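Line order of the protein sequences matches chains A, B, C, D and E.
Sequential numbering of the first sequence, starting at 1, is according to the working numbering.
Sequential numbering of the second sequence, starting at 1, is according to the working numbering.
Sequential numbering of the third sequence, starting at 1, is according to the working numbering.
Sequential numbering of the fourth sequence, starting at 1, is according to the working numbering.
Sequential numbering of the fifth sequence, starting at 1, is according to the working numbering.
None of these hints come from the bench; they were simulated from the model.
Note that this is a predicted model, so its numbers are computed, not measured.
Heads up, a few of these hints could be off.
Derived Cβ-Cβ restraints for the label pairs, each shown as a range [said to hold, decoys possible]:
id : chain 1 : residue 1 : chain 2 : residue 2 : range
1  : A       : G154      : B       : G21       : 52 to 58 Å
2  : A       : K664      : C       : D302      : 21 to 27 Å
3  : E       : G105      : B       : E14       : 48 to 54 Å
4  : C       : E213      : B       : I210      : 21 to 27 Å
All C-beta atoms, glycine included, are put in the ideal place defined by N, C-alpha and C.
Next come the chains, spelled out residue by residue.
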Amino acid sequence: MSVLVVGGGIAGIQASLDLAESGVKVYLVEKLPVIGGRMSQLDKTFPTNDCAMCILSPKLNEVARHENIEIINNADVVALEGSAGNFKVKIRKRPLYVDREKCTGCGVCATLCPVNAVDEYNEGMNFRSAIFLRYPQAVPKVFAIDKSKCIGCGICYNACVAKAVDYNQKEEIVELNVSSIILAPGGRLFDAKKRGEYGYGIYKNVITSIQFERLLSATGPFEGHVYRSDGKVPKRIAIIQCVGSRDEKTNPYCSSVCCTYATKHAILAKEHIPDVEVHIFAMDVRTFGKGFEEYANRAKKEYGVIYHKARVANIMEKKDGNLLIKYEKDGHSYEEEFDLVVLSIGFEANEELRKYSEIFGIDLNEFGFVLTDSFAPIETSKPGIFVAGVASEPRDIPESVAMASASAAKASEFATERSFAKKEEFPPERNVIGEAPRIGVFVCHCGVNIASTVDVVELAEFAKTLENVVFADHVLFACSADTQEKIKRAINDYELNRIVVAACTPRTHEPLFKRTLMEVGLNPYLFEFVNIREQCSWVHTDRARATEKAKALLSAGVAKAKLLEPLQFVEVEVVKKALIIGGGLAGMVSALELAKQGIESYIVEKESELGGNLRHIYYTIDGKNPQEFLKRLIKEVESNPKIKVFKSSVVESVEGFVGNYKSKIKTPNGVEEVRHGAVIVATGAREYKPKEFNYGHPKVITQVELEERIAKGEVPNSVLMIQCVGSRNEERPYCSRICCQVAIKNALKIKELNPDAEVFVLFRDMRTYGFLEKYYEKASKQGVVFVHYTPENPPKVNVNGEEVEVEFYDEILGENLIAKPELVVLSAATVPNEDNEITSKLLKVPLDANGFFLEAHPKLRPVDFSTEGIFLAGIAHSPRLIPETISLSLASVSRAMTLLSKDKLVMDANKAEVTKERCDACGICVKACPVNAIEIVEFKTRTGVELKASVKKAVCLGCGICSASCPKGAIVVKGFTFDQIKSAVDNLLEVVV
Amino acid sequence: MENPYVPYKAQITEVKDEVKGARPIKTFRIKLVDRDRFDYKSGQGCLVSVFGRGESWFTIANSPTRPDLEFSVLKTGKVTAKLHEMKPGDIVGIRGPLGRAFPLEDWKGMNIVTIGGGIGQTPLRSIYQYVIDKEKDYGDLMIIYGARTSRDLVYKDELFKLIEDGYNVQLSIDNPEKDWKYFVGFVPDNVKRLKPNPKDTIAITCGPPIMIKITLNVLRELGFREDQIYTTLERRMKCGLGKCGKCRIESYYVCKDGPVFNYAELSAMLEKV
Amino acid sequence: MNEIEKIKDALKSSNAEKIVAFVRKESEPREVLKVLSPNEVDKISFSPLSLNNPAKLLMQINGKVAVVAKGCDSMAIRQLIKEGKLKRENLFIVGISCKGVVDYRKLAKFVNLSEVNDVELNGNDLVLKLKNGEKRIPFLEVVDENCLYCGHPTPVIYDVLIGEPREGKRDFSDIEQFERLSREERWNYWISQFERCIRCHACRSVCPLCYCEECMVDPSNLAVSPMSTPEEKASYPRILGKTVNARDNTIYHLLRVLHHAGRCVGCGECERACPMELPLRMLERKLEKVVVEIFGYDLNEDIPFFSKLDIVGD
Amino acid sequence: MKIVTFACNWCSYAGADLAGVSRLKYPEDVRIVRVMCSGMVNPAWILRAFRQGADGVVITGCHPGDCHYMVGNYYAKKRYLLLKELMKFVGFEDERLKLLWASASEGKKFAEEMDSFKKLIEQLGEQKQLRWTP
Amino acid sequence: MIYEGEFLKDAISKLLADGYRVFAPSRVGDFHVFREISSAEEADFNYILPRNSAKVAVFPQNEILIEYGDWIERVPMEEKRIAIVGVRACDAKAIKLLDKHFLEGFVDPYYKSRREKLLTIAIACNNALINCFCQSLGINPRKPEADVVVSEIDGRVFVSADTEIGKSFLQGFNLRNENEEELEIKKRFESEELKMREIRVDVEKLKKSFDSPYWKEVAINCKSCGVCTYLCPTCFCFDIYDEGEKRGVRIRTWDSCQFPLHTLESSSHNPRAEKWQRLRNRFYDKFYYTLRKGNYYCVGCGRCIDFCPAGIDIVNAISEVR
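One chain only, chain A, in its complex shape (with noise of 0.2 Å):
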């Protein structure tokens, strides 16, 4: 069976993604022409300032080719019958007016066009043709003629050499079965027009956050250019929070990903313009992701961006467009003026979903996002139907991704059949050794990227000079499918057995050219890339020597393309197997969800019972009882069959490598030697033990200790709570998420059992993001006082005797005032395990700075690890809430799934390899190792045994930090060879300029 995904955003994406590499067939129904979403407009990504389409393309292409996935695009669903397991679904198919088989996304017909549209993927700001591709890396990258805006005029019907153009195309409804479904049709963004007091559609120079996103991007209206709309670039550029969100009269919830986006407008806004003077207005700076406190100190220390703590009154417009700002900050009134101001929108409830709460039967919240449970945050409230993204609640990417993850996991639990990709997909593999190199080259215009930079054309003939090149062209897109058609049939046509393509970074598209020569059985590793776009044309101006340069770089790829061998994949047996290091929430949900996609798991936990810090919780801030769910949990876990549960117990050694793992567990009765495939580290987090603030005096608790004590009934009268102990300073820099809301949990139980209780909150920023905010307000409004403190002026705790007295500065009042509570409670850190050092290097994963696990990438790979086979569940990644603890270990069960589902893994064919010939035995390259991949093995000779080093290969990175070592060149890391570097440096050069 097989599954629905609802929604082409990063989560959408994801999701079907996950399914797909896990054998789960997938239908991707998008509403647009192209999937993408939301992301595909981001210029970058906070906090890493990765390039958002360098991170989010290959994920599209992926998703285009992957065989699992259907894409059906410009539709909707308009009727769903049966239940989990058994879904009908009906899908109603827009018409493009182009025929999907037949375009190849040339965008002949678009230049000619006459309409002049407004661009959607552009917010406006610039315009775009009736026949269009709403963004070059679109995918699938088939144009669609936007009927409301066409003219009939009939060019691009006769234009269109494929005769793609089809006015008379109909609707079409599909019926499809399905097992589940994945609603992750994204969120809504905030109409700005609302807040008409900042004058946006009004003042031509107040822009919202999107659009300045757009206007930052390279692909934006002035191709990554910012200027006003009257052409001046800003010198002083205001961003003001919070722009329909926390706002009783529009939404009062909190956006959750504003602030770190502003922060990120900031910085960009800096390098783009470098002498400009950027302002962020806010009431609280909510940058509490993993690495996003240190984002935003990295803006004001080192980009000087200047954040208020203040609420904008209104805007004012001058004569020459410039804007006068009036704002609130300390109780006082300011005005300054700015020459471009940004709205940072906040997100909505996407309006399909009210479509889709009907047609599905779901329940929907007070705000309109989908209804979802803490102790189950993925599921609705109709079984079999799950959600991802934002449109249960506002999230950023890392969030959506892992979430897009956990409802795969979940929505596979009803997919029973898994299919994969058969080999013989691909036609059988031409055997190229010992022919002579013959090399195709296609140098990229990338449109006007390349091309208005580096003479292109001079540069695909000087290839046709270049030793071995037998055919050279050059072509609008190398990326786009027409130039894939034309790769492979210069491929048949010339007998070509290298193929050199010159555009882009070989980060984004290399996959997709490599798919290309198997599509006409060339091995994939026949194909070298040559950088001309980020390395060349986009850093350089003086076109001459631009193009000079891309002649060295040419001439070297083409000097390594000679060298290249045909390379095979790696192929390892998978053990169905996991192992989960800690037995915390995280660990039993994973073990769980693993148990019920089939896959045994071994649970090691080091105390003696399970339940980590949940143990520790005793009520929600929605006012569920988590005893009940843990004592639930254990119960499941302990008596599933495919679960062995280890306490007091420890990982003493893992061995082996993906798939392919063999570890010793030392238990109360003896080691336990056991073997598995993948790896998950759930090794949770703790409660800060303070140092400050006369921690250790009886009245000073923290507020894991003022949870235990109401749940033992001791209900304070008088509380005073102090914010970010531990967290957000020089020795510890992040923010640890939780504890404002923990603050607020305490402080609303507190009035709740004693509504005469005095409660004071001591705070830096609250950060009760998403619908967090609500219990803030309610807080607010049930007499919790809540005072700023900065961390200049901290609040001070004496203690006299038994006694404690907090003196803290009041920013309204502007004085110092004295508070003798009857406790004062710390919202402790949340600080990383002491043994995750022990852990690391035991499993060779990287911590971060501050000691928690690193994963492979903060935004589109939140559970992986860099060393395949190896996931992060829960705390041990950042501090979380309880769903976000669920979803991210669901998230870890779906990606190990994309391993463990199958019975052999195919890995990447880079990696070391010794002439046996040439070897000698040294081990100098066994100890250089980083993951002992080199052995030192006997081999049979016709005279008798020798010795040389042999690699394994499933263990092998390819870093080649052996090959660097052999002073003899013996062993190489194949596609980076001693002799196709030394090749490609000397021909880069040989050119002289």
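Got chain A; can you put chains B, C, D and E on it based on the hints?
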């Protein structure tokens, strides 16, 4: 030759695939540019020069009675790999003729048996072409030739044509193959089977060392004297002029004093080859 | 019992199948390494003219072998054991606490070598037993300069030790002095040295650590095996041509020395073998200085220099 | 001027890409060779580059601790220091060899460092010390 | 004839003035090397034998044969006259042997271009080194074969010329004829043998012991380096290779039969794969194979013995063959 290190400019006029696969062989036909072909005799070689890569020795594969120069190249190293990439019209350098030829003049009136294996057929081709072109000067001609598989046979078309024309051509391959009409087995076995008569006969054998060794024994058993048996030797060669010392065996420079030797000469050497 | 008798006794007690030791050359007072059978033990000789390092010779010999080793020789043997090229259990090492060896070329300046019958170290003097009479030369004047900086005069690995252990030292004063020269002076000095190099590769051939069968600087048109493809051969590392010029020679020597980082045992064979008397040890010692001073690595450590990751230098 | 830059696939190459995405400018003389890890850069390649006429060579890699392969950049640093010290010792203009840590997000740093390296090399002039001439 | 003064230095000055390229022993540290000099001061004659042989003047270690681009662009030839000053009898004899090799059969034009313009000025030996053995090979160290021969006997400088080129060169010098006594001194000097080692070459025995295990024994410590052959004045093996893919030079460089790569064929077959085979080849080449050319190709200079890092001794090896 004024400066024997400086090659003549030559142009490839034809390239023929003889054997494909991992160890391919191609035959090149070349024409000297700006001058006539130099005089040479069967068994002599030339050094083909590819600037940037170096020079390689090839025995001239066609008879001086035929036009142009031909040589067959097994792809093994840098120069040969480059040659394999070349096409008609490309320029190479050529130095020659080099080395000692077969004493074909002395063999007039004798029967000729050529026994070849693999690419070792090259010098033998030059001989049989010569003998065929000057048929009346010589006695019977027998061409014995074999390779590992039918795909590894070089000059196939020419040999099949000779069979059609009634020449005594005895082909063999090592292992049975479908549609193979000729002998199956090693070349020396084929010689043993065919039993060429040693009387007034010169046997010339060329091929892999092990084949030559066994063939030699077979010929001796059949009654051939050492001075009736000729072969060509292979050594690393650089200058082709008997100067650089690489191809030296004792005081002989294979490039200059060879590559043609008869077995009487070889067995007189201390260093066994 | 004198030194040589002690050595012979030790060798006799070894039960080895072969003996690697020095034997006096007939025509000159030089000692040459030979592989002897146990019954030839009496042929052996040992003196301050026993210059060479036997470690490389040991690699050629199978079975149990007894060897006479000076401090630096034992360093080389230990290094080769570490690198898996020798097996400790196959070796019987007669270690000799070394007082330094003679620089043969220096000695030739003091005396007509053909007159010398025997040499012997007596106190601070080298006593030359001549065909007619005796000659004493202060040892310091003929000692191999390399021995002046010796870090390991006492063998670091042995079965029998002959002579009293003596302390080594770590002295880079000569290197430091050279480093103080201006860049131009340094370059001019080295280029005039490398200019002379004839790339006979004797330095590499005698070096106990240069045991690679094929070297990075060898040419590439080299057959690996009958089955190897042309591409494989063509991909053989080739950094330099065969031409001998100062620049390529510089690269050759730098690259060779780089491969010895944290490995060079300081036996001085390279310099001894060099017919053009290039100061090769200076390069090796500079590298040793870097390894010791910047990285804080000690050659006696079991872990190879490169694999020791807590040292990354500054 | 010719500057050969070895860039590790994970950080520095991405950093160089970022410089491009950000449209930062640096000299055309800088030519990048992609390697998997800075730890893969063989000193022989560097010497070869100088022999073939490179005026400068830059090895770029992930910041210490950031290596995709955990320790590759430590190896790179060791090899770099050894080679650099040796080059300095023989009087080679060792400034021509540079080690640069540049992460995937340091496009700006990459461009700036390349710019200043080019300026330094320009001051030194053409590299003749190891360049091969017949 | 007798010259008053430092003949060699004066000769160099004259040669340089005449536009010759002059090769002479020059001092490096404690030893001498033959190299091209640009002034008389660079030369130093206080030596018995330089480290390298005088063959560098006629057969340099590297030499460009062809400069190429798309096709041959230039074939460089030596244009200047060359003089070797201060050559000993052994090295002088070696040049005659090289002449045989390079000028018989195919004429090597590069060698010829130097050789035909060569002037050799030799010095007679007054002393022998420890490993000299030229006399047993029929060379008189006191009467070198050269264009000009200089003998310093008891403080007197005797200069003689046997060839036309030598005689014409001497015309530019202020020489006086020897008197009777001096003639006698010179005659006695030339007939007196120096005390030196002897090599006993038994060709028959060599022929018989070709396959003897003796050679393996001799070679056990051989390092396969090129010291012996690169220092040898008569070794002539060379290699040719192209430097530069698209444009470059075809270069000839010395090669050594002791390197395993010397004879390695591209088929991977190596006729002399073992070092004892290569060492034996060197010995037989010097004393057996080259007899076909009519000479031993050894001049008894002893360099290969002096500088062999393994202490291999050609005199012992040949004399004691079994």
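Now the hints, each set against the structure:
Under the hint 52 to 58 Å, the C-beta atoms of A/G154 and B/G21, about 56 Å apart, fit the expected range. A C-beta distance of roughly 25 Å is found between A/K664 and C/D302, which places it inside the suggested range of 21 to 27 Å. Taking the beta carbon of each, E/G105 and B/E14 are about 34 Å apart, not inside 48 to 54 Å as hinted. Evaluation of the 21 to 27 Å hint for C/E213 and B/I210 yields a pass: the beta carbon distance comes to about 26 Å.
Violated hints amount to a single one, hint 3; each of the other numbered hints is respected by the structure.
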